[in-house]
Structures are given as structure tokens and as C-alpha cells.
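Assemble the whole structure, with the sequences as input and the hints as a guide.
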Amino acid sequence: MYYQISDDNGLNWYYWDGADWSTATEAGDYNTAVVINEHLWSWPATTESFNFKAFLVSDGTQNVQLDALTINCSNFQMEVNQTTVDENWRRVSFANIYSSPVVVTGYRESNWRPASVRIKNVTSSFFDIALQEPSNNNLSTDTVYYMIVEEGVWEINGQALEAHTYTTTTTGSTSNWLYDPQTYSYDFDVEPIVLHQVMSANDTNWIATYASDVDSLSNPPSVNGFRLALNGAEAYTSHGSETIGWIAMEKDVVGNFEGTSFETKRTADAVYGHDDGCYATNFANTYEVNPLVLSSQQEMDDNDGSWSVICSLATGNVGLHSEEDRVVDSERNHGSETHGFVAWSRAFSFSSVGDAQAFQNYGDLTSSALDMGAGAQAIQSVRWAEIIPVECPLCDVTVQLRSADTQGGLTTAEWSGPAGAGDSFTNPSGSLVNTIYNTDRWVQYQVTLQGDGTYTPVVRDITVNYK
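For the sequence shown, position 379 (counting from the first letter as 1) is numbered 379 according to full-length UniProt numbering, and the numbering increases by one without interruption.
Treat the hints as calculated values from the structure; they're not laboratory data. Do not rely on the hints blindly, as some may be mistaken.
[What the hints assert, rightly or not] Have a look at the derived ranges for each label pair, beta carbon to beta carbon: (1) S351 / D461: 55 to 63 angstroms; (2) P418 / V34: 39 to 47 angstroms; (3) S429 / T32: 31 to 39 angstroms; (4) T32 / S238: 45 to 53 angstroms.
[What the hints assert, rightly or not] Mimicking EDC-like on lysine to aspartate or glutamate, the simulated pairs with C-alpha atoms at most 16 angstroms apart in a straight line are: (5) K53 / D364; (6) K467 / D371; (7) K120 / D86; (8) K53 / D7; (9) K120 / E87; (10) K53 / D29; (11) K53 / E26; (12) K120 / D203; (13) K53 / D8.
Each residue gets a CB set at the ideal place from its N, CA and C atoms; glycine is no exception.
Written out as C-alpha cells, the structure reads:
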């Protein structure tokens, strides 16, 4: 069973060619549901329309039956909140139910030991969180801010917000800053900040993440993309496979979303190490209370490796430094780095998901072409099995046929019913077929379903008798 999809009511049909959505022009330009689902997040939704075409392929001896097809859509959802945690795992429940949540964090450090945030068991409704020290020492309780966004490309306050996950074993470290190049689905006009976070703990050894410009380790992400990898710093040169969550937002934006003031900021290349101090950046907004801040380092200038932590927070500014591990040596001095952050005036949750469920009022299904065999054929009757809900007096099923002496001729043949062209079959128990079909080899049927938006008719099978 294979599929093509369309966003213009079937005028053009598309399939995943291995790198992008391409127009289907040849036989075999289709995908399994698994391939469609894997890449559906990148399908453009600008027309607010979605159609699918199913191809049922058999070996000629057994029927292939499509009983039901469910299309789930992800609406924009996000939330920002905070929790307190030490080195022990604790569970955090979401305010929303997500299809594919992307989680990033901001760590408000008060521990004297270096630490970063670790997340695992991310589900539709919760995740587990802990602090982890590269040498796996105990830690005191600290505050962690977190932001969860449904995976996809969204818009807030007129600016783009893009959220995705990426799974990799690629690990950058002081010996070799390996990376995987990443591109955006959205065409950013303004350089974004990229917030990034390890979202799994398949390998229990300490690990963080790092990002930089796609063409340079020592520059922040550009509009062309960015480098992304696990970050072993001086502690680890390799690591097991982990999922990284990343969120891109245009830099230096000041706005309001659903009554919550926010701002994004790319700092100057002037955020040094833990032992060097705490480097404050002023907010553009004036906050009544300390905002919730999510931060990530945006480059890797210093070869020792580091990650972003919040070392001070007030209503007017946030202090950051580039944290280092103490595995190889005890010093935590570090060269200047650029960081990025988003600040929110309060904790909040937002969801555009509704509870309403409905069917299309009208739709049709066209069969594949059936070869009835060489020589003149006589189609005798057509019948089908239907279910019409008693609650739906408007629900109805009609069928039309068309035939031709060649398969290619079907595309220009007229759809017909018992009275000829333009007519439809309406009796599911069976109707005799017009004699206009008696000399053709190829036949197709088209089923039209009429509903009321709340209920839909169902067609189980169609039988065309010929000899």
C-alpha cells in the first residue's frame, strides 16, 4: 500500500524522493506510510489543504484492503515553566499533550561544581530531568527553566519559531570538534539564535551539546544553517546515540505572545568562563519580576569546550558564563564566547488544539484501471456494500463508471451511470450497466460520498461484473 499527497485538491501530487517533496510524474513515484510520516513535518501547510491518494498493490491472487486511514495533525502548542532539581531524576508533567515535543532548558547555577541539564523519557505528557556533573558528583538543588514546543515551524508575534529533534552519535570535544550540518525548514531573513538540549540519556555518561555557524566553529549560527553535535568538552571524545532538541528564533526580537512579554538576544562575543566572572546582558524589556530565561552557547571559540549557564538573574539583566568541566584539570577559565537566550515574563502554556472532530461534507475515490482482458467485453452490473448512519439523512453514496479500449483512453472517457454520460448509480444492491461499455477492455469506477460534516457514509467494497 503506497501513497501520494497533495496540497491543491489533487491538481499536483507529491512524494518523498529521499531529499525533498517532488512532483509525482512516473509510475512508482509514491511512498509507504512509514516514509510519508517520517518526513511529513516538512510538508508545507500554507494552503491549509491536505489530500492523499492510496495505491493498493497486490500479486493478483489476493485482495489488498484499505479499511481505514487516519490523518493526525499537530497544532501549535508550547509552554514555559520552571522546576527545581539536583542529580536525582524527577518527573515533570506537561500542561499540554504533544505529538512531538521539543524541550530546551536554561540552568540557573548556584552549585560550586560544574553541571548541565540532562533530560530523558520525553513523552507526549511528561519528561524526566536531572542535573549532571561531568565527574558524576552529587549536586545541590538548583532552578531549571524549560520551554516545550511542538515540533514544526510556527509563528509568534510575526516572527518564525522552528523546533526539531535530531539523533546522533557525533561528538565534538577538545581533541576534535566534529559536527553534523543542519538546515532550517524556514527561510530566515534574520540570523536566529539556536537553543539546544540533549533530550535523552541512552548513554549515562555526562554529555552536553554545542552549535555554531555551519561554516565556522567560532561564529554563531547563520541564516544558511548551523553545526550541531554532542559536546564532550574535555571529559569525553565519544558518546552513545542521543536525541538533541533544537529551537531557532530570530535574534534580537522584543514582543508579546498571548499576554506574555518576551525577547530574544544574541550576546556580544564576551561571555567568559566560570572562574573569570559572570557576564551580564541587559534586557530590552522591563520586567516586574525575574523572567524565565532559556540560554545556549552559540559557538565554540575556546578549544576546551563549554556550555551556557545562568550565573545571575534580575529584572533588568541576565548574567551568563561559559561553564567548563573539571575532569582533566580543575581550572574553569574560558575564552570569550557568544551566547543566545530568550526571556519570558512569566510561566505560561498555549495550545491551538481544538476538541472538535468532523468529516468533509463531500469526497470521491477513483479506482485504479482494471484490465478486463483482450477482446470485446460486456460489463453487466455494479453493486457495493455501504453503511449509511441513521443520524445522517443527507448521507449518500453514488458510483460512476468509465471505460476505454486502452488504459490511456480512460483519462478522457466520460463518467457515466445507467442512463449514460453524466448519470450515477445509486442502488447499492446492484444496477444493470449501460451497453455503451460492451466493446471496451479497460474500466474504472469512481465513488462519491456525501456527508453532513458530523457523520460520513462508509463503502466497504465494490463489485463490477463483466464477461
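**Request:** Measure nothing beyond the straight line between the CA atoms of K467 and D371; if it is 16 angstroms or shorter, mark the hint as holding.
**Result:** Answer holds: K467 to D371 is near 12 angstroms, not above 16 angstroms.
- Task: Assess, step by step, whether the Cα of K53 is no farther than 16 angstroms from the Cα of D7, and give holds or violated.
- Result: holds (12 angstroms)
Cβ-Cβ distance between S429 and T32: within 31 to 39 angstroms? holds (36 angstroms)
Would you check the hint for K53 and E26, treating anything up to 16 angstroms between C-alpha atoms as holding?
holds (15 angstroms)
Take the C-beta atom of T32 and the C-beta atom of S238, compute their distance, and say whether it sits inside 45 to 53 angstroms. violated (34 angstroms)
- Item | Pair hint outcome, K53 versus D8 [Cα-Cα no greater than 16 angstroms] | holds (13 angstroms)
Straight-line alpha-carbon gap K120 to E87, limit 16 angstroms:
With a Cα-Cα distance of about 13 angstroms, the restraint between K120 and E87 holds, given a limit of 16 angstroms.
| Is the straight-line distance between the alpha-carbon of K120 and that of D86 16 angstroms or less? | Given that 16 angstroms is the threshold and the Cα spacing comes to 15 angstroms, the pair holds.
Checklist entry - Do the Cβ positions of S351 and D461 conform to the proposed distance bound of 55 to 63 angstroms? => result violated (40 angstroms)
>> Tell me if the straight-line CA distance from K53 to D29 falls inside 16 angstroms.
In response: Distance of about 12 angstroms is within 16 angstroms: holds.
Worksheet item: Does the Cβ distance between P418 and V34 fall inside 39 to 47 angstroms?
Response: Between P418 and V34, where Cβ atoms are some 42 angstroms apart, the hint holds.
### Query
Within 16 angstroms, alpha carbon to alpha carbon, are K120 and D203?
holds (11 angstroms)
Going down the numbered hints, you'll see the structure goes against 1 and 4, while the others check out.
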